[in-house]
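Student: Protein chains in written order, with my numbering: chain A, 1 to 113; chain B, 114 to 229.
Treat the hints as calculated values from the structure; they're not laboratory data. Keep in mind the model is a prediction, meaning the values are calculated, not measured. C-beta: ideal position from N, C-alpha, C; glycine also. Misleading hints may appear alongside valid ones.
As the list claims (entries may be wrong) - The list that follows gives simulated cross-link-like pairs (lysine to any residue, SDA-like), each with its CA atoms no further than 20 Å apart:
no.: 1; chain 1: A; residue 1: LYS69; chain 2: A; residue 2: GLN49
no.: 2; chain 1: B; residue 1: LYS151; chain 2: A; residue 2: PRO40
no.: 3; chain 1: A; residue 1: LYS54; chain 2: A; residue 2: ASP67
no.: 4; chain 1: B; residue 1: LYS154; chain 2: A; residue 2: ILE20
no.: 5; chain 1: B; residue 1: LYS151; chain 2: A; residue 2: SER41
no.: 6; chain 1: B; residue 1: LYS151; chain 2: B; residue 2: PRO174
no.: 7; chain 1: A; residue 1: LYS3; chain 2: A; residue 2: ARG68
no.: 8; chain 1: B; residue 1: LYS122; chain 2: A; residue 2: GLN38
no.: 9; chain 1: A; residue 1: LYS52; chain 2: B; residue 2: THR217
no.: 10; chain 1: B; residue 1: LYS154; chain 2: A; residue 2: LEU105
no.: 11; chain 1: B; residue 1: LYS154; chain 2: A; residue 2: PHE46
no.: 12; chain 1: A; residue 1: LYS3; chain 2: A; residue 2: LEU105
no.: 13; chain 1: B; residue 1: LYS135; chain 2: B; residue 2: VAL173
no.: 14; chain 1: B; residue 1: LYS122; chain 2: A; residue 2: ARG45
no.: 15; chain 1: B; residue 1: LYS154; chain 2: A; residue 2: THR5
no.: 16; chain 1: B; residue 1: LYS151; chain 2: B; residue 2: PRO182
no.: 17; chain 1: B; residue 1: LYS135; chain 2: B; residue 2: PRO182
no.: 18; chain 1: B; residue 1: LYS153; chain 2: A; residue 2: ILE8
no.: 19; chain 1: A; residue 1: LYS3; chain 2: B; residue 2: LYS153
no.: 20; chain 1: B; residue 1: LYS154; chain 2: A; residue 2: ARG45
no.: 21; chain 1: B; residue 1: LYS154; chain 2: A; residue 2: PHE39
no.: 22; chain 1: B; residue 1: LYS153; chain 2: A; residue 2: GLN38
no.: 23; chain 1: B; residue 1: LYS153; chain 2: A; residue 2: ALA110
no.: 24; chain 1: B; residue 1: LYS151; chain 2: B; residue 2: PRO222
no.: 25; chain 1: B; residue 1: LYS153; chain 2: A; residue 2: PRO40
no.: 26; chain 1: B; residue 1: LYS154; chain 2: A; residue 2: ILE47
no.: 27; chain 1: B; residue 1: LYS151; chain 2: A; residue 2: ILE102
no.: 28; chain 1: B; residue 1: LYS166; chain 2: B; residue 2: HIS139
What the hints assert, rightly or not - Not everything, but these chain B residues come out facing chain A in the computed CB check (under 7 Å):
no.: 29; residue: SER133
no.: 30; residue: GLN215
no.: 31; residue: GLY221
no.: 32; residue: PRO222
no.: 33; residue: GLY223
no.: 34; residue: LEU227
Said to hold, decoys possible - Some chain B residues flagged as far from chain A (calculated, every beta-carbon gap over 10 Å):
no.: 35; residue: THR129
no.: 36; residue: PRO155
no.: 37; residue: ASN183
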Amino acid sequence: LAKTTQPISMDSYEGQEVNITCSHNNIATNDYITWYQQFPSQGPRFIIQGYKTKVTNEVASLFIPADRKSSTLSLPRVSLSDTAVYYCLVGPRNAGNNRKLIWGLGTSLAVNP
Amino acid sequence: DTEVTQTPKHLVMGMTNKKSLKCEQHMGHRAMYWYKQKAKKPPELMFVYSYEKLSINESVPSRFSPECPNSSLLNLHLHALQPEDSALYLCASSPRGRQPFQETQYFGPGTRLLVL
Numbered sequence: 001l002a003k004t005t006q007p008i009s010m011d012s013y014e015g016q017e018v019n020i021t022c023s024h025n026n027i028a029t030n031d032y033i034t035w036y037q038q039f040p041s042q043g044p045r046f047i048i049q050g051y052k053t054k055v056t057n058e059v060a061s062l063f064i065p066a067d068r069k070s071s072t073l074s075l076p077r078v079s080l081s082d083t084a085v086y087y088c089l090v091g092p093r094n095a096g097n098n099r100k101l102i103w104g105l106g107t108s109l110a111v112n113p
Numbered sequence: 114d115t116e117v118t119q120t121p122k123h124l125v126m127g128m129t130n131k132k133s134l135k136c137e138q139h140m141g142h143r144a145m146y147w148y149k150q151k152a153k154k155p156p157e158l159m160f161v162y163s164y165e166k167l168s169i170n171e172s173v174p175s176r177f178s179p180e181c182p183n184s185s186l187l188n189l190h191l192h193a194l195q196p197e198d199s200a201l202y203l204c205a206s207s208p209r210g211r212q213p214f215q216e217t218q219y220f221g222p223g224t225r226l227l228v229l
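Generate the whole structure from the sequences, applying the supplied hints.
Tutor: This is the structure:
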């Protein structure tokens, strides 16, 4: 199973760029990397997903190096409303071979004024 | 409608009670999920329904019984729960169902369950 490791917590200030790195040394060839955001007392919300190189959407960017053993979620110019827990997930496209979707333990991001 | 709704928002039950959690989505999604989340932990997958059939049961105790009456509805029946089952129960759905894992999952707000 591709275990993921991410920092437990991070602090930032409004307007700064935040980069959260997730390590997944045992990532398999077919695994994708996905990030979710969760506010207190709410369900997680999809942010971004990628397989290799760089993916960008209106919310974030995801950087994946060539060896795919880590990935970095980049949040440009954070605001107070970005204070949340960010989860890194690694898992297969297919549900076969008893492979599972692995959630990281989450990074609690606090954005300060 | 791009929401997953869950009822009730909060539930307190005794260990001998029987209760049910309800989840509904009207996005036409064909996969639906139940997760359990303890405080400061990631969600743990419990069940996956794909095209209204149970496709994954993550070795969940039989005191939790899922049901998918139709493609929009997912229930979780609870019976003889233990205090350690107290948690946030999240429902999610995803579009295609056949390959659910890497599809974007849309989560509901959850039901906060307390077992006394």
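Student: Now look at each hint and say whether the structure bears it out.
Tutor: Here's how the hints hold up against the structure:
A distance of roughly 15 Å separates the Cα atoms of LYS69 of chain A and GLN49 of chain A; the hinted pair therefore holds under the 20 Å criterion. Restraint check for LYS151 of chain B and PRO40 of chain A: the C-alpha separation of about 12 Å stays at or below 20 Å, so the hint holds. The straight-line distance between the Cα atoms of LYS54 of chain A and ASP67 of chain A is roughly 13 Å, inside the 20 Å bound, and the hint therefore holds. Straight-line distance between C-alpha atoms of LYS154 of chain B and ILE20 of chain A comes to about 18 Å, which keeps the hinted pair within the 20 Å bound.
For the suggested pair LYS151 of chain B and SER41 of chain A, the alpha carbons sit about 11 Å apart, so the restraint of at most 20 Å is met. Of the pairs offered as hints, the one joining LYS151 of chain B and PRO174 of chain B holds, with about 16 Å between alpha carbons and a cut-off of 20 Å not exceeded. Restraint check for LYS3 of chain A and ARG68 of chain A: satisfied, since their Cα atoms lie roughly 13 Å apart, inside the 20 Å limit. Among the hinted pairs, LYS122 of chain B with GLN38 of chain A is consistent with the structure: their alpha-carbon atoms are about 17 Å apart, no more than 20 Å.
In summary, the hint linking LYS52 of chain A to THR217 of chain B is supported, as the alpha carbons are separated by about 18 Å, within the 20 Å threshold. With a C-alpha separation of about 6 Å, the suggested pairing of LYS154 of chain B with LEU105 of chain A holds against the 20 Å cut-off. At roughly 17 Å between alpha-carbon atoms, LYS154 of chain B and PHE46 of chain A fall within 20 Å of each other, so this suggested pair holds. Between the alpha carbons of LYS3 of chain A and LEU105 of chain A the distance comes to roughly 10 Å, so the proposed pair stays at or under 20 Å and holds.
The suggested pairing of LYS135 of chain B with VAL173 of chain B holds, with an alpha-carbon distance near 18 Å, which does not exceed 20 Å. As the CA atoms of LYS122 of chain B and ARG45 of chain A are separated by approximately 18 Å, the hinted pair is consistent with the 20 Å bound. Taking the CA atoms of LYS154 of chain B and THR5 of chain A, the gap is about 13 Å. The hint holds against a cut of 20 Å. A distance of roughly 27 Å separates the Cα atoms of LYS151 of chain B and PRO182 of chain B; the hinted pair therefore is violated under the 20 Å criterion.
With a C-alpha separation of about 11 Å, the suggested pair LYS135 of chain B and PRO182 of chain B falls inside the 20 Å cut-off, and the hint holds. Simply put, LYS153 of chain B and ILE8 of chain A have alpha-carbon atoms about 10 Å apart, close enough for the 20 Å limit, and the pair holds. With a C-alpha separation of about 18 Å, the suggested pair LYS3 of chain A and LYS153 of chain B falls inside the 20 Å cut-off, and the hint holds. At most 20 Å may separate the alpha-carbon atoms for a hinted pair to count; LYS154 of chain B and ARG45 of chain A meet this at roughly 16 Å.
Our distance criterion of 20 Å between C-alpha atoms is met by LYS154 of chain B and PHE39 of chain A, whose separation comes to about 13 Å. A threshold of 20 Å between alpha carbons decides the hint, and for LYS153 of chain B with GLN38 of chain A the separation of about 11 Å falls inside it, so the pair holds. Proposed proximity of LYS153 of chain B and ALA110 of chain A is supported: the alpha carbons are some 15 Å apart, at most 20 Å. Restraint check: the Cα-Cα separation between LYS151 of chain B and PRO222 of chain B comes to about 14 Å, which is no more than 20 Å; the hinted pair holds.
Note on LYS153 of chain B and PRO40 of chain A: the hinted pairing holds, with a Cα-Cα distance of about 10 Å set against a maximum of 20 Å. About 19 Å separates the Cα atoms of LYS154 of chain B and ILE47 of chain A, which keeps this hinted pair within 20 Å; it holds. Straight-line distance between C-alpha atoms of LYS151 of chain B and ILE102 of chain A comes to about 16 Å, which keeps the hinted pair within the 20 Å bound. For a cut-off of 20 Å, the pair hint linking LYS166 of chain B to HIS139 of chain B stands: about 18 Å separates their Cα positions.
Of the supplied interface hints, the one on SER133 of chain B is violated, with its beta-carbon coming no nearer than about 19 Å to a beta-carbon of chain A, more than 7 Å. Hint status for GLN215 of chain B: holds, given a least beta-carbon distance of 5 Å to chain A, under 7 Å. Because the closest C-beta pair between GLY221 of chain B and chain A is about 5 Å apart, less than 7 Å, the hint holds. Checking PRO222 of chain B against chain A by beta carbon gives a least distance of about 6 Å; that is within 7 Å, so the hint holds.
With a cut of 7 Å, the hint placing GLY223 of chain B at the interface with chain A holds, because the nearest CB-to-CB distance is about 6 Å. This hint is violated: LEU227 of chain B has a C-beta 14 Å from the nearest C-beta of chain A, more than the 7 Å allowed. Against chain A, the non-interface label of THR129 of chain B holds: every CB pair exceeds 10 Å, the least being about 28 Å. Separation of PRO155 of chain B from chain A is inadequate, the least Cβ-Cβ distance of about 4 Å not exceeding the 10 Å criterion.
The beta carbon of ASN183 of chain B is kept farther than 10 Å from every beta carbon of chain A, the shortest such distance being approximately 21 Å.
Going down the numbered hints, you'll see the structure goes against 16, 29, 34 and 36, while the others check out.
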